[in-house]
Each structure stands twice: as structure tokens, then as C-alpha cells.
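In order, the protein sequences belong to chains A and B. Quick note on our numbering: the first sequence kicks off at 1 and runs consecutively. Quick note on our numbering: the second sequence kicks off at 1 and runs consecutively.
Just so you know, not all the hints are guaranteed correct.
Unchecked claim - Partial chain B-side listing against chain A, Cβ under 7 Å, derived:
id, residue
1, Phe30
2, Val93
3, Arg99
4, Val103
5, Thr105
6, Leu108
7, Ala109
Claimed, not checked - Simulated crosslink set (DSBU-like; lysine-lysine; CA at most 30 Å straight-line):
id, chain 1, residue 1, chain 2, residue 2
8, B, Lys118, B, Lys65
9, B, Lys86, B, Lys65
10, A, Lys59, B, Lys86
11, B, Lys118, A, Lys59
12, B, Lys86, B, Lys122
13, B, Lys65, B, Lys122
Rather than coming from a laboratory, the hints here were simulated on the basis of the structure. The beta-carbon is built from N, C-alpha and C at its ideal position, and this holds for glycine as well.
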Amino acid sequence: MNRPLKGFDTQTFFQALADPTRLRIINLLGDEEVCVCDLATALGTHNPGVSRHLAYLRKAGLVSARRSGTWMHYRLTEPANLHARVILASLRAWLGQDESMVEERATLSRICAAAALEADCASPNGTAPSPPRP
Amino acid sequence: MNTLFHELESVNPNMKESGKSTSDTLERLFSALSDRTRLRLLNLMAESEICVCFFVEVLDIPQPKISRHLAYLRSCGLVATRREGKWVHYRLVQPEDPRAARVFTEVLAWLTDETQMKHDRKRLATLCCATLVPLGLREAPRPTVKRVREESDPVPDHAVVTAL
């Protein structure tokens, strides 16, 4: 019998990582806080789809969210479990070696820079979220 | 054979290009790890190769389901098989790619920390060392696993002798 476990769940963690869009989101978030609208533009998809994936990552303890006006901003968080932290760090390093992933981060940087100019995603203190540095 | 670790070659610039992206490779690796039964199977193989019938007994899951999960792990290149007469033994395969190997090693370390996984290992060790085993395991070759000692276990006599 497969009993559900208390605490940080291994299966949920790996399920969160077993999806190409979620892997792209992890790569795009990097060390920055990013607006969901910028993520959607960089991924070439719609907000609801991205939000669903982000909710999945949040449930797995991989991202945290902050509301700013209309938009939600997301960032990667350190998983509660030590082994999960090591695996996530290895995964991020791995993604950082992939050409298409690096290119996507550069695209997101441009999108965030353009958004900052238009101040569409401005945070309460008047500054736009910092663009991720690939 | 189109295994995960042959595909992993595609993301290592020093190895042969096979056209698979990093995302495909990672998705496949994490999909293999996304199922509790598969994690429990990997955990049981951590110490030695194991015959299918022991998986069935320890996990109390029907053999067709066990075999399906083992086939999935095998297709991803995470396990390999060895046939010995009518018995099929399964064992872990360490990834050649150092990044995959690092993830895999960490996964196995993680599993040893979990209560359910500890329980499974203990159950396997008990079955392997038992004088009387269930009917289905009477003729099966026993895996060579270490006995998992609990803190509550009495210290064995020979350990005391050695200590003296």
C-alpha cells in the first residue's frame, strides 16, 4: 500500500519537476521575482496556464507568491527539505548549461525591461521587478 | 537501447549529439521519480539486486503492477535486469552523466530518510534473513541486504564479543 507521508512529500516534489513548462518556469525565475504576465509572455502562452503551473510549483514548496496590484509576482524558494534543496540546485545548474534555456532567460530580461519602461507591472514603491540576469 | 542515460549524452557537449533537449531528458528523469511505487522500488534496490517476487512480498502490490513500474524504470535506464533461470533480478544503474548521477545519488539519500522507505527496507531485510518465508519466496534467490538495525533492537551477542 502506498501511504501518503507527512511533511515534505517526495512524490509531489518530483511531479512538479516532471513537466517541460514548469522546468522552463524554474529556469526563468532564477534568483529574481518575476511578474506572471512577463512569464506568460516569455513562455509564449496565456496567464491562466502559467498560473496553473505556478500553483503546482507553489504546492510543491518550490515557489512563493506576492500580489502587487492586479498581478502576482513569483520567486523560487528554498525547499523545506535538505535533499530537495540539493536536487533543485543541481537542476538549476543543469538548466543553466542549456542553450535554449539561457536564450529564454535573455528574452525574459528584454520583456521585463520593456515592461519596466511602460510601468505596467510596477510594484507599490514605483519600481518594476528586476529583470532576471541569465 | 534508447535509455535516459543515452539521451543524457545530448546535453553534455563532450558527448555525442542525439537531438534530445535538456528539458526532455529532465522531464523523463523526474517522471520516473514521480511515482511513490517507483520510489519504493528504487529504495529497495539501493543495496543489492532483487528478484521481482521480493518486491511483490515487501510492497504488497500485485506483480503485474510491479512489473509495469520496473519496465518504466528500465526504459528510462534507471534499472537493469539479469535473468537467472526463471528468476529476473533488478538492480540500479548509476547514470553516466555526472549531473544525473548527482541528482540520483541525492534521491537515494533522501529515500533513506523517509519513514515508509525505512520500513520497506526493514521488511526486506527481515524476509531475506527469515528461516520461514512466504510460499511465493521459498525457491526464490534471496537478495544480500544488510539487516536494518533499530535503536530499540537488542545488541547482538557477537557484537558484544567483538566489542570486548
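Here is how each hint holds up against the structure:
1. This hint holds: Phe30/B has a C-beta 4 Å from the nearest C-beta of chain A, less than the 7 Å allowed.
2. Using the Cβ-Cβ criterion of 7 Å, the hint placing Val93/B at the interface with chain A is not satisfied: the shortest such distance is roughly 18 Å.
3. Interface restraint check: Arg99/B against chain A, minimum CB-CB distance 5 Å, threshold 7 Å, status holds.
4. The restraint placing Val103/B at the interface with chain A holds, with a minimum CB-CB distance near 5 Å, inside the 7 Å limit.
5. The interface hint given for Thr105/B is broken, as the beta carbon of that residue sits about 9 Å from the closest beta carbon of chain A, more than 7 Å.
6. The criterion of a C-beta within 7 Å of any C-beta in chain A is not met by Leu108/B, whose closest approach is roughly 9 Å, and the hint is violated.
7. Interface hint at Ala109/B: satisfied, since its Cβ lies 6 Å from the closest Cβ of chain A, which is below the 7 Å cut-off.
8. Between Lys118/B and Lys65/B, the direct Cα distance comes to roughly 22 Å. Compliance with the 30 Å bound is thereby established for this hinted pair.
9. Proximity of Lys86/B to Lys65/B is assessed by CA-CA distance (about 19 Å); at most 30 Å being required, the pair is judged to hold.
10. As the CA atoms of Lys59/A and Lys86/B are separated by approximately 45 Å, the hinted pair breaks the 30 Å bound.
11. About 26 Å separates the Cα atoms of Lys118/B and Lys59/A, which keeps this hinted pair within 30 Å; it holds.
12. Between Lys86/B and Lys122/B, the direct Cα distance comes to roughly 26 Å. Compliance with the 30 Å bound is thereby established for this hinted pair.
13. The straight-line distance between the Cα atoms of Lys65/B and Lys122/B is roughly 22 Å, inside the 30 Å bound, and the hint therefore holds.
Of the numbered hints stated above, those contradicted by the structure are hints 2, 5, 6, 10, listed in ascending order.
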